[in-house]
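Residue strings, one per chain:
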Amino acid sequence: MDPITTSTLCIGGIGLVSAAALAVAEKYLSVPQDPRIAKVAERLPGANCGGCGFAGCADYARAIVMDNAECNLCAPGGAACANAIASFLGRAAGALEKRSALVLCCGDNTETTRRAAYNGINDCAAAQATAGGDKGCAYGCLGYGACARVCPVNAISVVNGLAKVNKDTCIACGKCVAACPRKIIKLVPAAAEIHVLCSSKDKGPAVKKVCGTGCIGCRICNKLSDGAITMDGFLAVVDYTKPITNEEVITKCPGKCIRKA
Amino acid sequence: MEYLLLIISAILVNNFVLSRFLGICPFLGVSKKISTALGMSGAVIFVITIASAVTWCLQKYLLEPLGLERFLQTLSFILVIAALVQLIDIVMKRFAPPLHAALGIFLPLITTNCAVLGVAVLNMKDGNGFFKSVLFGFSASVGFAFALLIFTGLREKIERAAPPRCFKGVAISLVTAGLLSLAFMGFSGLVK
Chain W
1 MDPITTSTLC
11 IGGIGLVSAA
21 ALAVAEKYLS
31 VPQDPRIAKV
41 AERLPGANCG
51 GCGFAGCADY
61 ARAIVMDNAE
71 CNLCAPGGAA
81 CANAIASFLG
91 RAAGALEKRS
101 ALVLCCGDNT
111 ETTRRAAYNG
121 INDCAAAQAT
131 AGGDKGCAYG
141 CLGYGACARV
151 CPVNAISVVN
161 GLAKVNKDTC
171 IACGKCVAAC
181 PRKIIKLVPA
191 AAEIHVLCSS
201 KDKGPAVKKV
211 CGTGCIGCRI
221 CNKLSDGAIT
231 MDGFLAVVDY
241 TKPITNEEVI
251 TKCPGKCIRK
261 A
Chain C
262 MEYLLLIISA
272 ILVNNFVLSR
282 FLGICPFLGV
292 SKKISTALGM
302 SGAVIFVITI
312 ASAVTWCLQK
322 YLLEPLGLER
332 FLQTLSFILV
342 IAALVQLIDI
352 VMKRFAPPLH
362 AALGIFLPLI
372 TTNCAVLGVA
382 VLNMKDGNGF
392 FKSVLFGFSA
402 SVGFAFALLI
412 FTGLREKIER
422 AAPPRCFKGV
432 AISLVTAGLL
442 SLAFMGFSGL
452 VK
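For the record, the sequence lines run as chains W and C.
Number 129 in the working numbering belongs to position 129 of the first sequence; there are no gaps in the numbering.
The number in the working numbering is simply the position in the second sequence, starting from 1, with 261 added.
Check each hint, because a few of them may be wrong.
Stated by the list, open to error - Taking beta-carbon pairs under 8 Å as the criterion, some of the chain W residues facing chain C (in silico): (1) Ser7; (2) Cys10; (3) Ile11; (4) Gly15; (5) Ser18; (6) Leu22; (7) Ala25; (8) Leu29; (9) Ser30; (10) Ile121; (11) Asn122; (12) Asp123; (13) Ala126.
These are computed hints drawn from the structure, not numbers from a lab.
None of these values were measured; they are calculated from a predicted model.
By construction, the Cβ of each residue, glycine as well, lies at the ideal position given by its N, Cα and C atoms.
Given these sequences and hints, build the entire structure.
Next up, the structure:
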């Protein structure tokens with residue numbers, strides 16, 4: 001036989017044998033899987049962000065079908081995705097409110113002081129571990145971008161020593177909330193517009209000493225907002241279950257830390 | 262002694278990634294986190310070891326008797342290794358689900374990785390026997406895992422450092438890989 005025929009037959013033979021082996025293996029060894037899992041996975045966005053608490057979209061789809069997990073846990077997919085899955089499986093979707101992460105601090109490098117020059121590892125947790133951080137305020141954003149690094153959609157940028165979340169790209173997966181060593185990132189309803197951008201629980205004079213835009217605990221917003229902004233000691237905190245109707249809170253705030261975001 | 266030298270040579274002196282420059286894609290691609298690097302290393306060790314055994318048999322019992330080993334080697338090796346990895350994937354899913362969960366997503370990624378093919382071709386070039394082929398495959402892949410894990414550790418550290426702006430990201434990673442390779446060159450001459 002000439003080499004061309006031999007090699008064609010040889011490669012063809014190898015291919016045929018491999019294909020047959022794979023076909024047999026697929027038929028007799030493949031693990032039966034609930035066909036609904038694949039259908040549910042198709043309806044998920046496939047971002048694999050892990051925001052639902054499962055290892056990825058495929059794992060979440062499995063959990064929905066097999067373990068009866070809630071179908072409204074997907075933040076990127078939102079209500080549309082939850083409804084699509086619920087109607088496919090014939091379940092109730094449950095309420096889903098779009099949320100986004102928010103950094104509760106507005107003291108950037110122009111407004112706050114640095115009490116030391118920090119030259120260590122470029123990370124918030126490391127800075128925090130070094131004598132409690134270099135920022136004058138013991139509660140504010142350190143600005144070394146630990147949140148920005150874990151964000152799967154690059155929604156966080158650090159501008160002038162202050163982390164800012166882009167509301168439109170944020171998928172509310174909660175990774176930044178866990179990464180922040182000062183715990184000042186919260187998931188808030190995306191529809192809410194007015195926020196108290198301060199986390200300092202210190203008394204007024206102590207806040208004023210280190211930050212130009214801190215909450216001094218004056219309670220003006222508390223009185224103006226009809227209870228939608230509550231007081232936690234010397235810190236105003238927005239109760240997102242109630243709407244803030246009086247926009248005067250923004251202009252009346254002496255610390256200028258109530259802002260639209 | 263010969264086998265010991267073979268192992269040391271494959272792991273350190275002629276490291277697949279750092280002195281032969283094979284398998285660079287997973288080396289740069291999955292070296293961001295130690296956990297994924299570990300999974301990748303496991304999958305590579307597994308696949309290369311089995312692939313070197315299978316390709317040896319293929320060469321010895323099919324290609325050589327037919328006189329095709331000179332020009333059909335690469336093609337048939339790719340075909341067989343790809344099919345083999347698929348088969349392992351299916352079998353592993355059925356009989357060892359935990360192992361599949363750990364290595365599963367990496368298996369298709371390295372089907373015909375150049376390191377996998379490189380081991381097979383080098384085995385034939387050196388005329389290794391069956392046991393030596395498998396041993397060489399195993400130690401070469403351990404060398405790959407070794408280099409990958411060192412590099413991942415370095416990259417995790419760099420992530421937390423502040424390199425100059427123009428070096429950020431891939432640039433500093435490539436510089437690191439180059440320096441690491443240079444360090445491994447220090448082993449050259451240890452084993453012929």
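Each hint, compared with the structure:
| no. | hint | result |
| --- | --- | --- |
| 1 | Ser7 | holds, 5 Å |
| 2 | Cys10 | holds, 6 Å |
| 3 | Ile11 | holds, 6 Å |
| 4 | Gly15 | holds, 6 Å |
| 5 | Ser18 | holds, 3 Å |
| 6 | Leu22 | holds, 6 Å |
| 7 | Ala25 | holds, 5 Å |
| 8 | Leu29 | holds, 4 Å |
| 9 | Ser30 | holds, 6 Å |
| 10 | Ile121 | holds, 5 Å |
| 11 | Asn122 | holds, 4 Å |
| 12 | Asp123 | holds, 5 Å |
| 13 | Ala126 | holds, 7 Å |
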